Amino acid sequence: MSNARTWIPSLLGQDVDGYLLNSCIGVGTFGLVFEVTKQSSGSRFAMKILVPNGIANAAAEFDREGTLLDKLNRCSSVVNWIESGTFQYMVVAPNGTSIPIALKYHVLSLASGALDELILDPVQRAALPWPERLAHWRGAVKGIHQMHLARVAHRDLKSGNCLLMVHKGDTQVRIGDLGRSKDMTEPATVPAINYVFGRGDAEFAPPEHLYCQGGGTEADFRNADLYGLGSLFVELATGHPMTALAIGSWQNARNEGEQEFRNGAPRDLSTLRPRYRLALDIMAAEVAPPIRQEAVRLVQQLCDPVPSERQPRPRRGKRYAPDNGLLWLLARADIMSRRLAVETRRTSYKKSRSA
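Per this note's numbering, the sequence shown runs over residues 1128 to 1482.
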């Protein structure tokens, strides 16, 4: 497998279809991300370039990502797609012969950073007010809501894929990196067995993927995204994803899951709930008191080890209105935001009275 980083020096400064490659700002599974300048206008963008990596079907998946970005381009909480293309790049062989190869690219709106940059450092995370954390989380929920309405599942949600877009002093989260995403209106593109292990970063994976019990239905994809949103809330509170807190080593879990899969004896995922309750206790200690109880209840639901239990349930005596998106989750986020706002006003009032 080719190391993507080895391509950086030779690509820097290149003119790719009118875009000047200024600096490399990211290295991923499928290639490199550069900050680029559109030479005709001076505008800055991000360019994602697929470099040879030895990964089967990488080119097809890269093309599908471009198709999905185009499909979601009107979604206000998903990264903006500008265009995609292919350019010829000359590689010099050991014998001095120049060999042209085709490199694919996507041009996207340029982010100021990613959410993980705000929360991985404990000091920086502690300085981030909870109203801002909750606003960032709601932005991610809105992005997944818009994707689900368009029948697209993300399948690789984590703070590093939540891009920060600054506009007129306001920072908003937009969902990025759709390399693992799935158009749920399209038939399967991989054998059914592949879905058993999931498609995203194993460190952030829901337990059904680590323990080789994943599925390939639309409900399976939606439930995995719900887990991702719950895990993102845990990241905002603790700096760690839910899987790391509840399960520990994803490698050990995957090894156990593969053995159980080979033996035809899958574990009952509900037996993992005690581990998740301990993780919730860790999270609760970091959440602002006014929303602590509500946050614990919500994350407990979103990160339930049993995938079907993550879906909303109607209250007793109430009718459940079908929701193809995540309006119910946006409403829960808004409730917590209002509680924080009320507490802020109450605290300010008390300070003014005692002054």
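These are computed hints drawn from the structure, not numbers from a lab.
Source: prediction; values computed, not measured.
Careful, some of the hints might be misleading.
Listed below are the simulated DSSO-like cross-link pairs for lysine-lysine, each with C-alpha atoms no more than 30 Å apart in a straight line [said to hold, decoys possible]:
(1) K1165 x K1198
(2) K1165 x K1231
(3) K1295 x K1165
Going through the hints against the structure:
For the hint linking K1165 to K1198, the alpha-carbon distance of about 23 Å falls within 30 Å, and the restraint holds. Between the alpha carbons of K1165 and K1231 the distance comes to roughly 17 Å, so the proposed pair stays at or under 30 Å and holds. This hinted pair checks out: K1295 and K1165 have alpha carbons roughly 22 Å apart, not beyond 30 Å.
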